[in-house]
Each structure stands twice: as C-alpha cells, then as structure tokens.
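Build out the structure end to end from the sequences listed, making use of the hints.
Each protein sequence line maps, in turn, to chains A and B. The first sequence maps to residues 156 to 582 in the working numbering. The second sequence maps to residues 156 to 582 in the working numbering.
These are calculated hints, taken from the structure and not from any lab test. Among these hints, one or two may not hold up.
Identical chains share a label here; the pair holds if one copy fits it or two copies do between them.
[To be verified] Simulated pairs of lysine to aspartate or glutamate, DMTMM-like, Cα-Cα distance not exceeding 20 Å:
id, residue 1, residue 2
1, K366, D229
2, K366, E408
3, K506, E475
4, K306, E354
5, K528, E205
6, K528, E408
7, K544, E358
8, K574, D420
9, K243, D216
2 protein chains.
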Amino acid sequence: MNIELINTGSELMLGRVLNTHQQWLCRQLADLGYVVTRQVAVADTADDIERAVREALGRADFIITTGGLGPTSDDITRDRIAALLGRKLHEDPAIVAHVESFFAQRNRPMPASTRVQAMVPDGALVLANAHGTAPGLALHVSPNPFRPEGKPSWLVMLPGPPRELRPMFTNQVTPLLKERLPLDADFVCRTLRTVGIGESYLEERIAGPLKPLTDAGLELGYCAHTGAVDVRFVARGCGADADVAEAARIVHELAGEHIFGEGDDELEQVLVRRLTERKQTLALAESCTGGFIANRITSVPGASAVFLAGLVTYSNAAKEHFLGVRAATLAAHGAVSEPVAREMAEGARAKTGADFALAVTGIAGPGGGTPEKPVGTVFIALASAAGTKVINPVNRYDRETFKYLTSLQALELLRRAMKRAGEKVGE
Amino acid sequence: MNIELINTGSELMLGRVLNTHQQWLCRQLADLGYVVTRQVAVADTADDIERAVREALGRADFIITTGGLGPTSDDITRDRIAALLGRKLHEDPAIVAHVESFFAQRNRPMPASTRVQAMVPDGALVLANAHGTAPGLALHVSPNPFRPEGKPSWLVMLPGPPRELRPMFTNQVTPLLKERLPLDADFVCRTLRTVGIGESYLEERIAGPLKPLTDAGLELGYCAHTGAVDVRFVARGCGADADVAEAARIVHELAGEHIFGEGDDELEQVLVRRLTERKQTLALAESCTGGFIANRITSVPGASAVFLAGLVTYSNAAKEHFLGVRAATLAAHGAVSEPVAREMAEGARAKTGADFALAVTGIAGPGGGTPEKPVGTVFIALASAAGTKVINPVNRYDRETFKYLTSLQALELLRRAMKRAGEKVGE
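Now the structure itself:
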C-alpha cells in the first residue's frame with residue numbers, strides 16, 4: 156500500500172516555518188503499520204498544488220494534503236483539487252452553522268470570507284473541525300483517472316494548524332483508514348534506544364546474530380542521533396510478535412548495557428523516573444555545559460521531587476564559593492582537570508545533601524584550548540555514597556554538540572552507577 | 156530558476172526524526188534570493204531515491220540531497236546516484252586521510268566500514284566535512300539525460316547530520332551556487348527581530364507607513380515565533396538597497412524599542428556582546444526555568460568573560476543556602492512570589508559580585524498550580540546598581556514553551572535595563 160503526504164504553503168518553501176506535520180503524521184501512520192512512501196512540499200500556487208496532487212493520484216492509495224483550506228486568498232487547495240477531479244462545489248449548511256457558532260461563541264463578528272470554508276466538493280465526506288473553522292474533506296476517487304485501470308485512491312485534505320489537524324487525524328482519519336484500507340497482516344514495531352556505542356560498532360555486534368530473523372523478513376533499522384543510536388524492528392504477519400521479541404532479546408544480550416529505554420524514552424526521563432522510584436536525589440555542578448544538564452533534568456515533569464540544585468559555576472571564584480573547590484587545586488591543576496571535577500562533584504553533594512552529584516568541567520571552544528588540553532577536553536565526575544568516579548572524554552565538536560554530548564555522557568555515567576547499585580535502569 | 160530539495164531517510168518516513176533540513180536550507184536559499192520550488196522526502200531504498208532524483212533532474216537547475224552518505228548499509232545515496240548517471244566510483248586518498256585523522260584525534264579506532272565514505276563518483280567536486288567523516292559531493296550533470304535538450308543541472312549531496320550539513324552549505328555550497336547560477340538582478344533581504352510586541356500590533360504600527368514602499372514592489376513579511384516577531388524585507392533590481400534601508404529606518408522609528416537584532420541574532424548573543432563591551436558581568440538564579448537561561452547565555456562563545464555563575468535552586472533549601480533567601484520570606488509568601496524573586500536576584504548579585512543578576516521563580520506545570528497562583532505564574536527579578544525590578548507575567552503553556560518564553564522575558568528585562576542605562580542595545 157502506498158501512502159503519500161503533500162504539505163502546501165509558501166511559508167514552508169521560504170523556510171519561515173518548520174514542517175512538523177511530516178514527522179507527526181509519518182509517526183502516527185508508522186505506529187499503525189502504514190508506511191508513507193513519499194512526502195512532498197510545494198508552495199500554495201495553483202500549478203504546484205495541482206501537479207503534486209496529480210502525481211500522487213497516479214501512484215498512491217491514500218493521499219493526505221495539509222494546508223490551504225482557510226479563508227484567505229492563498230487558500231486554494233479545495234478549489235484546485237475539485238477542479239482537477241471535475242467535482243462541483245456546494246455549500247454545506249451544517250458547516251455554515253458551525254462557522255457561525257464558532258465566531259458567536261468567541262463574541263467575534265464572522266468575516267464574510269470565512270463562508271468559503273463551507274464549500275464542499277460533490278461526494279466528499281466532511282471531517283468536522285472541533286478546534287477551528289475549516290473542516291477536513293475526504294474524497295474517494297473511484298475510478299481514479301490518473302491510475303492504470305482507474306484503481307481507486309483516497310484523497311484526504313486536512314487544515315494546516317497542528318491543533319486542528321492532529322485531533323482530526325486521530326479521531327476521524329485513522330478510523331477511515333483502518334476501515335477502508337485495512338492492513339492485510341499483523342504489524343509489530345519496537346524501538347530500542349542505546350547510548351555510548353557508535354552505529355557501526357552496534358551493527359557489527361548485532362547484525363550477524365540477527366541475520367536469521369532479517370533473512371526471514373524482519374526489518375531492522377538504525378537511526379543515529381548525537382551520541383545515541385536507535386534500533387528499530389518491524390515485523391508483519393503471524394509470528395510478528397515473537398520475531399520482534401526474539402530480536403529485542405538478542406540485542407539486549409549483546410548490547411544490553413547500552414540500552415537505556417524504548418520508544419520515546421529520553422535518558423533524563425529514565426533517570427528522573429528511577430530516582431523517584433528509589434527516593435534518591437541529584438545535584439549538578441556544571442561548568443562547560445553551562446546549565447544544559449540542569450535544563451534537561453528540569454524538562455521532565457516532576458523533576459522537583461529528585462533534583463535539589465544545579466550550580467553553574469563558570470568562574471573559578473564561583474567554583475570556590477559555591478562548591479568549596481580549593482584554590483590550591485585550581486592553581487595546581489587548572490579548572491579543567493580531574494581533581495577539580497572531583498572536588499566539584501563532592502562539593503555539590505556535600506552542600507546539597509544529594510545522593511548523587513554530577514560535575515562537568517571542560518573546554519567547549521571555540522577558544523580556550525591548549526596543546527595539553529585541546530578544545531573538547533572534558534572531565535565528568537559522579538560523587539555518590541560509593542565514592543567518586545571521573546571520566547575524561549574528548550568531545551571535539553561545535554559548542555552546541557559539545558554540550559549535548561557531554562550531557563549525555565554525564566547522564567549515562569549516572570545511569571550506569573545506578574544500575575551497578577543493583578537495579579535495572581532503563582531496560 | 157528551479158531548485159529542489161530531496162531529503163532521504165527511512166527515519167523521516169517513519170517519523171522518528173524531524174526534518175529540520177527543509178526549513179534551514181529553504182531559509183538560507185530564500186535569504187540569498189533563490190526559491191525552492193519543491194521538497195521531497197523518501198525512504199533510503201534504492202528505487203525511491205533513484206526515482207526522486209531522476210524526476211528532480213527532469214525539472215530542476217540545482218538539486219540538493221540530504222542524507223545517505225554515511226558508513227552503514229542503508230547509506231546508499233552516493234552509490235545510487237553514481238549508478239543513475241553512469242559514473243564510476245573511485246577512492247579519494249585525501250578523504251581516507253581525513254577519516255583516519257578524525258578517529259585518531261578522538262582516540263577512537265576507525266571501523267573498516269567508514270572507508271566507504273571516501274568513494275567519489277568520477278568528476279564530482281568533494282565538499283570537505285570539517286565536522287564529521289562523510290564529505291559532500293557536487294556533480295555537474297551536463298548534458299543532463301533527463302532534461303529536454305540535455306539542459307544541465309547541478310546535483311549536490313550533503314550529509315545528514317545538521318552540524319555537518321550546515322557549515323558545508325554555508326562555506327562551500329553557497330559560493331558554488333552564486334558562481335555557477337548567479338541571480339539575474341540585485342537581491343536584498345533584511346530581517347529585523349523584535350520582542351515584546353504581537354504580530355497584529357506590529358503590523359498596525361508599520362504597515363501603513365511602509366505602504367508607499369510595498370506598493371512600489373518591496374516585499375514585506377512577518378514571521379511570528381514564540382514571544383518574538385521577525386519583519387522581513389525583500390527588494391530586487393536597482394534601488395533595492397535604498398528601499399530596504401528606508402523600510403528598516405521606518406520600522407526603527409516606529410517600533411525601535413522592540414528591535415533587539417537582525418538576521419540570525421539571538422537575544423543572548425546581543426546581551427553577551429554588550430556586557431563584554433561594557434566589561435560588566437551577569438549572574439543568574441533560576442528556579443522554574445531550571446538552567447534554561449544559563450544554557451542560553453553559555454551557548455554564546457566567549458560567555459565566560461561576562462557570566463559568573465548560575466544557581467539553579469529548585470528546592471527551598473537551595474534557595475536559602477546558595478542565595479541567602481530568608482526562610483521567613485519563603486514561609487510568608489511561598490517560593491513563587493515577588494519577595495522571593497527579589498531576594499534571589501539580590502542574593503545572586505551579592506554572592507557573586509556581578510553587575511546584574513536575573514532571578515526567576517514560577518510554576519512551569521503541568522502540576523503545582525493553585526487558584527491564587529495558577530500554572531504559568533512567574534516572577535522575574537533583575538538586581539543591579541540601579542536597584543531591583545520585578546515583573547510578573549503569566550505564561551500558561553506547555554513546559555517547554557513556558558521555559559522558553561520566561562527566558563525571553565528575563566533576557567528582555569536585562570536588555571531594556573542596559574538600554575536605559577544609557578546605551579543602545581541591539582539596534
């Protein structure tokens with residue numbers, strides 16, 4: 156089955172807005188077992204829209220367009236598609252009533268131009284818009300004049316604003332899709348998230364042992380993010396569940412220490428969850444990451460139950476004053492050093508009373524490097540009841556990537572320590 | 156001129172990652188005066204990539220592909236495009252050396268599979284990758300077998316990771332495009348960035364006075380971000396420079412107090428620049444923003460010259476211990492209150508000796524709200540030699556938007572204070 160997505164809007168082609176529809180719709184469809192084979196974005200000009208729709212009708216069973224259903228002069232998707240398919244437009248009194256009540260409820264006069272949103276191509280299903288004025292429209296194109304032997308397609312038009320599109324897709328398009336184009340077999344999808352192992356090394360470890368399963372039809376995909384790699388399994392048909400479970404078991408056996416979660420899990424979520432379960436607390440002392448780790452931790456709702464304080468000690472004076480790092484240590488070893496990282500972590504733990512304290516000190520760059528301590532040098536310390544451990548990676552990247560990767564290594568240091576402390580974390 | 160973008164990657168079609176390349180590349184090209192007519196995303200399967208590239212070659216003068224140049228088995232863009240165009244691949248010793256030194260510098264062994272990244276189609280220009288291993292490739296397809304009369308096209312392949320793609324585009328693709336496909340008329344584009352004024356209000360102020368210029372052909376665009384609005388002017392042909400300068404002068408006159416920068420300026424960059432010029436220092440005390448403001452400030456290279464410390468005091472104990480907030484104040488008014496914000500800012504300033512100290516305390520949500528202090532309540536204080544000022548917005552959004560908008564309000568409070576102190580900031 157072919158599903159295609161057409162995103163219309165000149166603001167997309169000028170790069171003024173980010174196309175979040177693509178990811179959101181593709182993700183929803185993938186999790187339902189449907190695969191989007193192509194996504195196209197074009198400006199909202201008549202020719203561009205018509206050409207994109209005609210091409211998609213020549214290939215796809217199910218087509219979703221986004222945008223161009225509103226009341227302004229550049230909202231032309233409805234008209235152009237009706238014209239392309241030779242369908243007349245008629246005014247739908249139920250939509251007129253909905254638009255009128257939408258404005259009345261908000262005590263705003265109804266601009267005359269909004270009435271155009273009630274125009275419906277003959278034969279279209281109307282998808283009610285609970286969060287705005289423009290309804291969605293679904294057309295069964297049968298026979299489809301653009302496809303060999305007139306093979307039918309569904310063409311679904313959705314409004315552009317995400318808060319209107321998303322519930323409309325979930326509540327109205329998903330049931331339509333499942334009813335009219337049901338999957339012909341079971342579908343199982345599962346993603347394992349790993350950290351601390353490169354894509355190539357991970358593939359070296361697991362691809363061979365997984366080969367009997369992939370040869371038998373299991374789909375195996377890798378997605379590398381900065382410092383992290385996702386492994387995704389997809390199986391179809393009977394036995395799909397068992398195949399995916401077996402594949403996950405193999406990866407856990409061969410690379411389990413790197414797996415921190417599944418699906419949409421983020422490392423900071425896993426850690427906040429586990430700290431909460433264990434009623435343990437965390438403090439942070441950050442120099443080169445400048446608050447990035449604190450920001451990640453505090454992005455998790457409920458973090459306040461486990462996170463006591465983060466000290467962003469950029470200056471030496473701040474390291475001494477807030478963390479109790481000794482001036483002699485700074486003088487002897489420099490701020491970017493193993494002993495200073497150790498004293499930062501131990502100081503943060505002592506001053507806050509936290510169970511765990513993570514500290515990072517390093518050279519983010521672009522300036523500040525020396526031959527002995529080049530840009531990218533970083534010391535990460537974890538202080539806990541079990542003592543203090545310091546690691547010393549070299550993260551030679553731009554400033555943003557440096558911060559991200561360093562934060563990942565710090566959080567992973569904590570995850571592994573919690574795991575060694577006797578509990579499964581993130582698996 | 157037709158420019159098309161092809162984004163490859165099954166992770167895009169599965170919705171695992173957001174396609175930020177589209178916006179970024181479209182934005183860069185639009186600001187240079189080039190318009191992207193179509194963007195397509197396909198999975199990284201041989202047929203899909205080949206079909207998308209063949210179709211684009213049939214229409215476009217300049218084609219950019221992203222992704223599929225890495226070392227794993229699903230990185231097939233290079234191979235498929237070479238095959239489509241009948242070009243042989245050869246190993247480039249300079250790329251092999253680059254990949255080897257990339258791994259050596261990071262003290263990591265080089266996996267054998269990474270060597271495939273040194274394979275170059277005959278006749279291709281190599282675009283060096285300063286931030287990763289896979290180089291970009293540029294092919295002049297002339298004659299172009301897929302276009303009427305063999306009209307030539309450029310086909311540029313860029314690696315998927317943004318930190319590799321972006322500098323490669325800016326430093327290598329932009330000069331190539333300008334040299335090989337120059338615009339046929341002058342093109343001037345300028346963007347003013349504003350904060351603290353809504354899109355409609357800004358339009359009300361400036362659209363009328365700008366009308367003579369827009370009537371004469373100046374393009375005027377607004378782009379609303381969270382808490383900020385960009386105003387973009389585009390002019391073409393002779394006189395373009397003067398028209399854009401006049402438009403900018405008018406907007407400065409009518410809304411100058413809201414303009415913090417131009418182009419890609421961020422508020423934190425403007426502030427670090429001005430603090431550096433004035434040899435002044437900053438400290439932060441954050442509760443609800445959890446390090447987000449410190450992270451923004453320390454994202455600016457050179458921030459260490461002006462940023463002394465950030466105290467992320469999530470718990471009441473941390474507010475008392477690190478900032479000297481009085482237990483009595485916390486007990487009488489609660490942690491989210493005007494007096495606590497004031498004591499946080501004054502405490503951070505006193506303990507660090509900074510010229511300015513910003514403090515924020517609020518309720519990010521989703522939990523923690525009360526009838527008197529609903530989710531979104533926030534107090535932002537700025538302490539300086541001129542005294543302490545506190546503002547009290549209500550930012551009722553999801554957690555991420557709450558942090559972002561609150562950070563913007565805090566930084567804007569500092570910008571305005573520095574401006575009142577006698578200097579133009581951000582204009």
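These are the hints, each one checked on the structure:
Only between protomers do K366 and D229 lie at most 20 Å apart by alpha-carbon distance; the minimum there is 15 Å, versus 52 Å within a single protomer. Taking identical chains as interchangeable, the C-alpha atoms of K366 and E408 lie at most 20 Å apart only when both belong to the same chain, with a minimum of 15 Å there against 68 Å between chains. For a Cα distance limit of 20 Å, the shortest separation of K506 from E475 qualifies both inside one copy, at 12 Å, and across copies, at 12 Å. In this assembly of identical chains, K306 and E354 lie within 20 Å of each other by CA distance neither inside one copy nor across copies; the values are 42 Å within and 40 Å between.
In the homo-oligomer, the alpha carbons of K528 and E205 never lie at most 20 Å apart, since the shortest distance is 58 Å inside one protomer and 46 Å across protomers. With identical chains, the CA atoms of K528 and E408 are never at most 20 Å apart, being 38 Å at best within one copy and 49 Å at best between copies. Within a single copy, K544 and E358 get their C-alpha atoms no closer than 30 Å, and across copies no closer than 56 Å, so neither meets the 20 Å cut-off. Only within a single protomer do K574 and D420 lie at most 20 Å apart by alpha-carbon distance; the minimum there is 17 Å, versus 43 Å between protomers.
Taking the shortest alpha-carbon separations for K243 and D216, neither the intra-copy value of 23 Å nor the inter-copy value of 37 Å comes in at or below 20 Å.
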